[in-house]
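A.B. asks: Heads up: the protein sequence lines correspond to chains A and E, in order. For the first sequence, our numbering assigns the number 25 to the initial residue and increments by one for each residue that follows. For the second sequence, our numbering assigns the number 10 to the initial residue and increments by one for each residue that follows.
No wet-lab data here; the hints were simulated from the structure. Just so you know, not all the hints are guaranteed correct.
Said to hold, decoys possible - List time: in silico DSBU-like cross-link candidates among lysine-lysine, alpha-carbon distance up to 35 Å:
1. A:Lys145 / E:Lys170
2. E:Lys346 / A:Lys208
3. E:Lys346 / A:Lys346
4. A:Lys139 / E:Lys238
5. E:Lys238 / A:Lys51
6. E:Lys238 / A:Lys105
7. A:Lys145 / E:Lys238
8. E:Lys147 / A:Lys110
9. E:Lys147 / A:Lys444
10. A:Lys460 / A:Lys255
11. A:Lys152 / E:Lys147
12. E:Lys346 / A:Lys105
13. A:Lys208 / A:Lys284
14. E:Lys238 / A:Lys153
15. E:Lys346 / A:Lys146
16. E:Lys147 / A:Lys365
17. A:Lys110 / A:Lys365
18. A:Lys218 / E:Lys170
19. A:Lys284 / A:Lys255
20. A:Lys342 / E:Lys147
21. E:Lys346 / A:Lys365
22. A:Lys139 / A:Lys153
23. E:Lys147 / A:Lys51
24. A:Lys208 / A:Lys260
25. A:Lys284 / A:Lys153
26. A:Lys152 / E:Lys346
27. A:Lys260 / A:Lys284
28. A:Lys110 / E:Lys238
29. E:Lys346 / A:Lys103
Treat the numbers as computed from the prediction; the structure is a model and nothing was measured.
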Amino acid sequence: MHNGLAMDNVQPLLEVHNISKAFSGIKVIDNVNIQVFPGEIVALLGENGAGKSTLKNVLVGLLEPEEGTIIFKGQERKKMKVGAYKIAAVHQELSVFPSLTVAENICITNLPGNKPMIDWKKCRETAKKYLELIGVELDLDTTVEILSPGENQLVEIAKSLRQQPDLLILDEPTTSLSHPERQKLFGVMRMLAKQGVGIIFITHFIDEVYEISDKIIVLRNGVHVGGGLTKETPRKEVEQLLVGRSLLERKLEIPTPIEKIALKVSDFNSDRFIDINFEVKQGEILGIAGLMGAGRTEIIESIFGLRKTRGTLECLGKTFKKWNPTMLRDMGVLFVPEDRKTNGIFPQRALRENLTAANLKKMINPVILGIGFRNEKKNALELAKAQSLVFSNIETSITSLSGGNQQKAIIARWLAIDPKVCIFDDPTRGVDIGAKEAISAQIAELARNGCAVLLVSSDVNELTELSHRILILRKGRIVSELKRSEFDAQKIISIASTGA
Amino acid sequence: MHLLGRKADKGNDIDMDIAKGNKNNIFARIFQVQWMSILLGVVLLTVVLSILQPSFSSFINLRNILVQASAVGIMAVGMTFVIMTGGIDISVGMNLFLMMTIMSELQKFLPPIFVLLSAIIGSVLVGAFNGFLVCNLKITPFIATFATLSICRGLGYWIIKSQMRSVVEGVRVIGSTRLFDIIPVPVIIWILLCIVGFFILSTTRFGRYVLAVGNSVNSAQASGIPVNKVKFGAYICSALCAGLASLVYIGRLGTVQADLGYGLEFQVITAVVLGGTKLIGGKGTIIGGFIGAIFLILTENGISLMELNIFTYDIARGLLLFIAVVLDIVSYTRQQKTLIRERAMRLRLSL
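Excised from the complex, chain E in its bound form:
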């Protein structure tokens, strides 16, 4: 509003701005990109951490960070779809946990490849259940996926009891191997998923429909967009990503026990929101979630570097989620202001 006021006194400037479409102001344009601030955060943290600990910026360590971030990052891809439709999926952490317990059980009877496949199929089924609750029974996404979360946790505990099971080498293959002995497979999966997700969002009907539904369900219905199918699809995406992440996780850890995946969903949501995806839906990027996930791991690295109390992690995560949501609101109001300014300029020019 104040910008409008300042410019209103010099009408010619506004005309100039509009004529150039504000396009030559590179700085302004760069900072309109939703994930720019979080990228800055990542760069800053990296610089600080490398100063504090010289070995931080070694190749091995940076690669480790990518591996650590991969599970959350993979789930963030799917979560981005759900959040873009205006929903939320808090069952991903327990979906992952359930799949890991199922794999630990099935590895006794099945060859590894089928064990991995069953985790994928199982996770999709969980996603379908979420989709059914949200789309067919019209339950609020938070409550619906909360119910799923609880069910998954219960089933997982039931399967695993209180044992700690080790996992056979074949099942660990995805999480623990490296391509050409250099690039870890989880990172490859993560990056591939990001690319696929990016293409789905920007070039396919489903991707555009996801955006449209997040913008306005009513408009989507009036335009003949299959709203329920689109939402259903988003929950499937999210669950499928949780399934893939469980393959990564089980490989990295090598054991399955109760309490795995606890609180993971909030890390995923934090990563997505930090990356600039709007919680009300309708706007967001895959790359944002990617950078958000790295940012999360970097902060945890920082904490471990400072040798702080173990409970600090949870506090830090909570604070980050809080900051992410506040940023979401701040950037929303800022965007609204820009919009108002642009509309005001258009109005002044129209006659």
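Chain A with its partners taken away, still in its complex shape:
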């Protein structure tokens, strides 16, 4: 659309030369070169863990690159400084301040008024102006803590626009937005691009890339593997670049469920979801689809007893009004949480301990009552082998494993309890394609063995491939239920984002 600008005689807004960044010896971005011209919308694509967010953090100055140079507006920099240049970012991990008001949050990067005083009237006016720009009505004086995730994201976007940047970096800005909100944001992006702002748009949705971007950059394992002008890059090619090889059409065999209800959720209510009712039969895989912030994680965390909820849970013939994770675990409920880094692994502990953590009783033979760790290593090794984990030494920290292997280790940890009900929250997020296939196969296998499986995933293809039924969530409500014969990825996405 604006490629006319990107000709030889126009100086690039941003040039990144051979940037590398490593965390504890592992290169997260490796020799990346990119260029952004004024008025250009660049889509930055990559699977989770490909280095997109790291690149963003280097560009805004939150991280210091080990090697390479950044040239912004013709000035060479070794390191950026937050807020020093006209670069603004919407961070995926939201950077709002819960107990500040909407207006304060939007203006915080540069509060109006003569130093050191703040001009509150102007602050509110400014906030209002930028909220109107993206077509949002919010009470300026409410504190942000009571807002929904989508509203938080909108505040964050308004905050970034408020900085009137020359370069705007949007890190998955649309995950919690509804369809109209998305369109509004795209409108603003186009308008900014016309004014000569360069935009880096980080996203997972390939549709969005083709809708809005001028140029595509694909990162894989921290390496810039390809891309080009959007209109010259076919979709198939992008998909292949993303995963590193062509996607094979494969069909997983899923078993027929047994007519016996293993898990039943009745009248679940909380601040993140409303009137949730469903049941899962033995051997059945129930998929749950929904955008980020639709309440997926909250619902299944509530089922596992990690959140306060009103409602009744029936699990393997027992009815609970009150329950906790330990009770469920002892009945054979497996739970793989969404955020592996903070909720899944014990990062400072060895792989061995990570593998045996869910069922020490079974994995360890004490020397005398309660003392000693006999056979722990042996059992852990067996588990690791059964899951074909790739690791150098079972005593090294689990963080030395790749994301996919870490996830497989967490599943292995739970297999030790001999599960009957399995709850997976986005189990293949941020794992490589090989591990992804292995995990999918594992889930199907569990169902074949008679487990009831509850599968939440952001990957619609994974859901349609594995599930018997799919529930679609939107703003905390179940808005639709599809049978396997009715599965259609496009339809699911559209219901999840617009409700129809």
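Chain E: place on chain A using the hints.
C.D. replies: Just chain E, lined up with the frame of chain A:
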């Protein structure tokens, strides 16, 4: 959660509540103010004490109470800043003690005005040292200020040895004089400081940044807020207030000896937390610390009225700190519940 449940059965009520924004429920709003419960406590204690002892509510006595509360109150202003950033400063008591010993030493050579000034400068230096430990060396605030506490105490003992020194009239001026012979200067300083602190918090960038840093250090960094400078500033505020309090203290006591300022930091923290400032940071008020400090002195008055054993003071202070922290947790969970309820209502209304 139960409230959500009860209301869920009558959907219309919720709509009504949201439409009115719960704003007409004055009682609910008043009790959302963080320092309301402690104010109630102060009123109650005052009533009880005046019944027990009629002379309690005399002007002179009430004025005395304000004077007694002023040192802790002044330090509470600075402490509020530190706690709001999510830190803590337990060195204030010994900072005050060190400044008093320094003044007792310097009064031999310098005119009083310079003696007072040197205490102010000295206390700020101590604050800068705290700031350096916390912001530059990234030491946990509790440990960093604990080290400072010990250093200050040691230096103070070294200066004062085991003497008891009297202070010249000029140095006592701030703590012992009254404006128009009616209003004690310490009280004026205290109230002025509260007003200044209130304005800094509500109208200046620094004030807003203090809140923001207490809310989330990561977000603050991503928003380009100079996190280290803000924290550093908070420790300076706290130390400066300790310096001012030392001027008040030395004037009131007229002598300097070892063991002064012992345990003062915990009284200050108790006052701030009783006033509703959150120990995890990000929320708090200056007025809360003001009322908290008065509450502390009132309880001590009550104890002396009952002619209890001298050790009861320490037990009472300990209990109060404990109660303050428990209240902090209780009010936090209560607030979370309100938040959950409000979010649930918003969710029900959204489509």
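A.B. asks: Could you run down the list of hints and mark each one as holding or not?
C.D. replies: Now the hints, each set against the structure:
In summary, the hint linking lysine 145 of chain A to lysine 170 of chain E is not supported, as the alpha carbons are separated by about 57 Å, beyond the 35 Å threshold. Restraint check for lysine 346 of chain E and lysine 208 of chain A: the C-alpha separation of about 34 Å stays at or below 35 Å, so the hint holds. The suggested pairing of lysine 346 of chain E with lysine 346 of chain A holds, with an alpha-carbon distance near 18 Å, which does not exceed 35 Å. Pair hint lysine 139 of chain A plus lysine 238 of chain E holds up; C-alpha atoms about 16 Å apart against a cutoff of 35 Å.
At roughly 32 Å between alpha-carbon atoms, lysine 238 of chain E and lysine 51 of chain A fall within 35 Å of each other, so this suggested pair holds. Among the hinted pairs, lysine 238 of chain E with lysine 105 of chain A is consistent with the structure: their alpha-carbon atoms are about 15 Å apart, no more than 35 Å. In summary, the hint linking lysine 145 of chain A to lysine 238 of chain E is supported, as the alpha carbons are separated by about 26 Å, within the 35 Å threshold. Distance restraint check for lysine 147 of chain E and lysine 110 of chain A: the Cα-Cα separation of roughly 29 Å lies within the 35 Å cut-off, and the hinted pair is therefore satisfied.
For a cut-off of 35 Å, the pair hint linking lysine 147 of chain E to lysine 444 of chain A is broken: about 47 Å separates their Cα positions. Taking the CA atoms of lysine 460 of chain A and lysine 255 of chain A, the gap is near 30 Å; set against the 35 Å cutoff, the hint holds. Under the criterion of a C-alpha separation no larger than 35 Å, the hint pairing lysine 152 of chain A with lysine 147 of chain E is inconsistent with the structure, at around 38 Å. For the given pair, lysine 346 of chain E sits about 39 Å from lysine 105 of chain A by alpha-carbon distance, which is inconsistent with the 35 Å threshold.
Restraint check: the Cα-Cα separation between lysine 208 of chain A and lysine 284 of chain A comes to about 47 Å, which exceeds 35 Å; the hinted pair is violated. The hinted pair formed by lysine 238 of chain E and lysine 153 of chain A meets the criterion: a straight-line CA distance of about 30 Å does not exceed 35 Å. Between lysine 346 of chain E and lysine 146 of chain A the alpha-carbon distance is near 33 Å, which keeps this suggested pair within the 35 Å criterion. The suggested pairing of lysine 147 of chain E with lysine 365 of chain A holds, with an alpha-carbon distance near 24 Å, which does not exceed 35 Å.
Distance restraint check for lysine 110 of chain A and lysine 365 of chain A: the Cα-Cα separation of roughly 32 Å lies within the 35 Å cut-off, and the hinted pair is therefore satisfied. At roughly 75 Å between alpha-carbon atoms, lysine 218 of chain A and lysine 170 of chain E are farther apart than 35 Å, so this suggested pair is violated. For the given pair, lysine 284 of chain A sits about 52 Å from lysine 255 of chain A by alpha-carbon distance, which is inconsistent with the 35 Å threshold. For the given pair, lysine 342 of chain A sits about 51 Å from lysine 147 of chain E by alpha-carbon distance, which is inconsistent with the 35 Å threshold.
Our distance criterion of 35 Å between C-alpha atoms is met by lysine 346 of chain E and lysine 365 of chain A, whose separation comes to about 28 Å. The suggested pairing of lysine 139 of chain A with lysine 153 of chain A holds, with an alpha-carbon distance near 22 Å, which does not exceed 35 Å. With a C-alpha separation of about 27 Å, the suggested pairing of lysine 147 of chain E with lysine 51 of chain A holds against the 35 Å cut-off. A threshold of 35 Å between alpha carbons decides the hint, and for lysine 208 of chain A with lysine 260 of chain A the separation of about 28 Å falls inside it, so the pair holds.
The hinted pair formed by lysine 284 of chain A and lysine 153 of chain A fails the criterion: a straight-line CA distance of about 56 Å is larger than 35 Å. Among the hinted pairs, lysine 152 of chain A with lysine 346 of chain E is consistent with the structure: their alpha-carbon atoms are about 29 Å apart, no more than 35 Å. Between lysine 260 of chain A and lysine 284 of chain A the CA atoms are separated by roughly 42 Å; this puts the pair beyond 35 Å, and the hint is violated. Of the supplied pair hints, the one linking lysine 110 of chain A and lysine 238 of chain E holds, its CA atoms being roughly 22 Å apart against a limit of 35 Å.
Between the alpha carbons of lysine 346 of chain E and lysine 103 of chain A the distance comes to roughly 44 Å, so the proposed pair goes past 35 Å and is violated.
Of the numbered hints listed earlier, those contradicted by the structure are 1, 9, 11, 12, 13, 18, 19, 20, 25, 27 and 29.
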